[in-house]
Amino acid sequence: NAGVMQNPRHLVRRRGQEARLRCSPMKGHSHVYWYRQLPEEGLKFMVYLQKENIIDESGMPKERFSAEFPKEGPSILRIQQVVRGDSAAYFCASSPRSPVEDEQYFGPGTRLTVT
Amino acid sequence: KQEVTQIPAALSVPEGENLVLNCSFTDSAIYNLQWFRQDPGKGLTSLLLIQSSQREQTSGRLNASLDKSSGRSTLYIAASQPGDSATYLCAVLSGGYNKLIFGAGTRLAVHP
Numbered sequence: 306n307a308g309v310m311q312n313p314r315h316l317v318r319r320r321g322q323e324a325r326l327r328c329s330p331m332k333g334h335s336h337v338y339w340y341r342q343l344p345e346e347g348l349k350f351m352v353y354l355q356k357e358n359i360i361d362e363s364g365m366p367k368e369r370f371s372a373e374f375p376k377e378g379p380s381i382l383r384i385q386q387v388v389r390g391d392s393a394a395y396f397c398a399s400s401p402r403s404p405v406e407d408e409q410y411f412g413p414g415t416r417l418t419v420t
Numbered sequence: 003k004q005e006v007t008q009i010p011a012a013l014s015v016p017e018g019e020n021l022v023l024n025c026s027f028t029d030s031a032i033y034n035l036q037w038f039r040q041d042p043g044k045g046l047t048s049l050l051l052i053q054s055s056q057r058e059q060t061s062g063r064l065n066a067s068l069d070k071s072s073g074r075s076t077l078y079i080a081a082s083q084p085g086d087s088a089t090y091l092c093a094v095l096s097g098g099y100n101k102l103i104f105g106a107g108t109r110l111a112v113h114p
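Protein chains in written order, with my numbering: chain A, 306 to 420; chain B, 3 to 114.
No lab work stands behind these hints: they were computed from the structure.
A few of these clues could be false.
Residues from chain A that keep clear of chain B, each with C-beta distances beyond 10 Å, as calculated [claimed, not checked]: (1) N312; (2) P344; (3) F370.
Here are the simulated PhoX-like pairs of lysine-lysine, each with C-alpha atoms no more than 25 Å apart in a straight line [as the list claims (entries may be wrong)]: (4) A:K356 to A:K367; (5) A:K349 to A:K367; (6) A:K332 to B:K44; (7) A:K367 to B:K70; (8) A:K332 to B:K70; (9) A:K376 to A:K356; (10) A:K356 to A:K332; (11) A:K332 to B:K3; (12) A:K376 to A:K332; (13) B:K3 to B:K70; (14) A:K356 to B:K70.
Covered by chain A, according to a simulated footprint, are these stretches of chain B (three or more residues, beta-carbon under 8 Å) [as the list claims (entries may be wrong)]: (15) 31-44; (16) 73-86; (17) 101-111.
In this text, a Cβ means the ideal position worked out from N, Cα and C, and glycines have one as well.
Using the sequences and the hints, build the whole thing.
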């Protein structure tokens, strides 16, 4: 069973461009979480999704950021009109059931650099 | 608001020492607590998960304890090795039980 997969692993965007980060959860996992790690800081929760539904987006900035987890295909974290402050490592995690019932398994992350 | 603090922020020890890493949290209403390891430029590897009803978990040379009432957890690493060098993160499942709240980590260096 392959682990959580994220791509690309490294992404460079110029200010104003769009960034699309993809996350394929582990097989059988229908719960996906996105976290952001700013340089020299801890991981911060962004959003929790279950197939086709956003369960909790309380950690996601209200503007420019969106997330989806369609019925088919990977979860996508989309950042529009990126700014330098978006430069960070973005981690995806997945679990087979709710976070109360199962631990979260993390992917290797996507490191976004905005120039 | 749940806050997680890890002490010390950094630790450098000679190989073979037994270590204790500390984690504290402000709100005892947690569902579980996890310890992770993060290598530079890499993702997170889960080390131990302690449910709120448990007091400790063990895996190999690692032992994690949880005192929910006092808002503390410790990660004990026995007979440290250079391969243990990494950042160790503590996280609690809190805030409506949807999100892991992370500490800033303890950066560990074990030198031969």
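Hints and how they fare:
no.	hint	result
1	N312	holds (13 Å)
2	P344	holds (12 Å)
3	F370	holds (16 Å)
4	A:K356 to A:K367	holds (21 Å)
5	A:K349 to A:K367	holds (15 Å)
6	A:K332 to B:K44	holds (21 Å)
7	A:K367 to B:K70	violated (34 Å)
8	A:K332 to B:K70	violated (33 Å)
9	A:K376 to A:K356	holds (6 Å)
10	A:K356 to A:K332	holds (13 Å)
11	A:K332 to B:K3	violated (34 Å)
12	A:K376 to A:K332	holds (14 Å)
13	B:K3 to B:K70	holds (16 Å)
14	A:K356 to B:K70	violated (33 Å)
15	31-44	holds (count 6)
16	73-86	violated (count 0)
17	101-111	holds (count 7)
In this structure, the hints that do not hold are numbers 7, 8, 11, 14 and 16, in rising order.
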